[in-house]
Structures are given as structure tokens and as C-alpha cells.
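So the chains spell out like this:
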Amino acid sequence: MIVGIGIDIVEIPRFEATISRQPAMIDRLFTAREQLTDEGHRRTATSLAARFAAKEAVAKALGAPQGMQWHHCEVVGESSGRPHLYLSGTVQEQAAAQGVTSWHLSLSHDGDLAVAYVIAEAN
Amino acid sequence: MIVGIGIDIVEIPRFEATISRQPAMIDRLFTAREQLTDEGHRRTATSLAARFAAKEAVAKALGAPQGMQWHHCEVVGESSGRPHLYLSGTVQEQAAAQGVTSWHLSLSHDGDLAVAYVIAEAN
Amino acid sequence: MIVGIGIDIVEIPRFEATISRQPAMIDRLFTAREQLTDEGHRRTATSLAARFAAKEAVAKALGAPQGMQWHHCEVVGESSGRPHLYLSGTVQEQAAAQGVTSWHLSLSHDGDLAVAYVIAEAN
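Protein chains in written order, with this note's numbering: chain A, 1 to 123; chain B, 1 to 123; chain C, 1 to 123.
Bear in mind the hints are in silico, worked out from the structure with no lab data behind them. In this text, a Cβ means the ideal position worked out from N, Cα and C, and glycines have one as well. Heads up, a few of these hints could be off.
Claimed, not checked - Which chain C residues face chain B? A few, computed with CB under 10 Å, are given here:
1. I2
2. M25
3. I26
4. L29
5. R82
6. Y86
7. G99
8. S102
9. S108
10. D110
11. G111
12. D112
13. A116
14. I119
15. E121
16. N123
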């Protein structure tokens, strides 16, 4: 059974301009481990934009309730195969309250656009 | 069990140009309540483009059968949380014939692009 | 139960430039029947771009394992209703190993962008 779905698209140049103007947003949106690749390099704006879209898509799949924190929805493991979500705190509580038992996530980007698509499932 | 899925993307400037040239299309595509926000303002071209994408995505999820009417697939409630679908007449009949018991819908737009993604589920 | 999901977006002008520079890519990516419409015309770059996105989305839904061949994931039947996937060889083996019993696919394009979205389901 599907609990909710979410899609989000992000225009990369616009996202990049925003985080250039307000670099503190990066720490507000992304945890320390999300900001680095598996090889330890800082993620590109494109990679961050796709991850931001994933967080928005998760919020939509849960009905965009109040009080969820960006750091409580982490996107991990993209470079080696499927990206997946690591939820904690406020986001995990919402997901549990709605009966979500598994999450599915896919990311894509090309040219100026990043997109994330999410399904929250209850088994 | 998933009966069908649909995705649709709409270039907002192109959609806006079309409804500007042929304003009668707005009434043909959208019901009176779809054309207004919850606050009673006329929806922007961006918001209508996302709703148009949703209607196309629903048609795709049902296999794009003949004879479905635009007004029989309404997108409601976007501003307060999850948007959802209100089906009637020709579209509801198709959905019932295919055993659809629930619909999931997510919308997004950024820059020039609107996207809708739909899952038709049978429980 | 959902085994995996995939989304892929393709900037059509970029894809078109690539296959113009390297026309051998067309045969490498697409089987003979995928290159033609039901009416026997060569597919446009837009139509091929959407199909390429579908193949990428299928690979993502399976976790992008090594060794899958492009020709083993064909997109057929788009013009008359729902497009669907015809899997064989390396891709079918992966899908079977992961327990996939049905596939859902939707394609869209507008302006410069093509998108494909896929769900792999186990019943």
C-alpha cells in the first residue's frame, strides 16, 4: 500500500545562485555527511540540488506537515548504486505515525534541471 | 497493486502562450472551482499548467482511453497540503472499470517547468 | 510491493547533438524495432530521447547493476496507448533475480525535455 508520493524539480542555476548568495543555507539544509561525496570531496551544486529536491519530495509524500527539520531527512549513498533516505527525529516520527515502512527514491539531472521522485510505502 | 502510472511535464511559457491566444481553453480544461485558489483568486498560468499536467498524467495512468472529459478529472486542495483528485463521470467510470481504488498525485514546478506524477492503485 | 523506482530526464537538444556526432550510438542503444514507429518511420530525436530515459530509469529501478545491455530493455507500443517494456537477457535476469513481476512506465516530453518514470513491482 502506498502512503504518499512526492516529486520535486529544481532549476540548478537558480539553486546555485541562492546558495552562493546565502552560503549558510548549505549547513541549514544538509548535514555534514551529505555535503561530501563518498570520496570526501564537496558536492557540486548539481548534486546538492538533486538532494534538496529529494527532501522536498519526502515532505510532499508525508503531506508537508509542520515542524519537520531538513537535517532529519538525509540522502545517502548515491554514488554506489541506489540513493537512499536516512530519516531521523521529526521526519521519522511523521513517517512512523503514517505507517510508512519503506521508502523508494530516484534522482536525475540533466542540463539545468534536477528532479527527485519518492514513494512512501506501508507493507 | 498498481494499476497504472503517469507523468507529464509542461513548459509553462508555452502553456501560457496557448491559453492567452485561446482563452476559451481555460473553461474547456478547468472547472470553475479549479480556476480559483482557496482564497478566491484566479490561478496563475503556472498553477494551471501543473493542474493540466495532472490531468494528462491521470489519462496516461488509465491508458489514455477515448472519451474522457477534462472536467471529469479535477485537481483540488493543493494550497493546504497534498493536492488530490476528484474524479467524476467519464474518468471515474474508466477508473472503476480498471479497479482503481486510490489515487496518488504530486505536483512540482520551478523555473519554466511544471510536472505532475500520478499512481493509480487497487487495494 | 515495490522493488524499485527510477526517473530519468534528458535534455533533448543535447541528446540530439550526441547522436548526430556519433550516429553509431543509435544502433548501440536501440534495437531495430525501437528505431521505427508503428507506421514504419524513423523515430525523431525527441522520441528516442524519451526511450533512452526509460532505459536509464529501468536501470535505476534495478539498482544500476553491472553488465546490463541496452538492447535487453526495449520500449514498445507508445503510439497506441501505454508504452511498455519488453525485457530480455541481462535485464530480464536482473529483474527476475530481484523478484520483479510487473513493470509500470510513463513517458513525457515538452519543449527541450524528455522524462521517463518507472516502477518495478513484485506481486
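Verification of the hints:
1. I2: 8 Å, holds
2. M25: 24 Å, violated
3. I26: Given a least distance of 24 Å, the restraint on C/I26 is violated.
4. L29: Result: violated, 21 Å to nearest chain B Cβ.
5. R82: 5 Å, holds
6. Y86: At about 17 Å, which exceeds the 10 Å cut-off, the nearest Cβ of chain B leaves the hint on C/Y86 violated.
7. G99: 15 Å, violated
8. S102: 8 Å, holds
9. S108: Status holds, d = 5 Å.
10. D110: 5 Å, holds
11. G111: C/G111 check passes; min Cβ-Cβ to chain B is 4 Å, inside 10 Å.
12. D112: 8 Å, holds
13. A116: 8 Å, holds
14. I119: Result: holds, 6 Å to nearest chain B Cβ.
15. E121: The hint holds - C/E121 has a Cβ within 10 Å of chain B, the shortest such distance being about 6 Å.
16. N123: 7 Å, holds
In summary, the structure is inconsistent with hints 2, 3, 4, 6 and 7 from the numbered list given earlier, while agreeing with the others.
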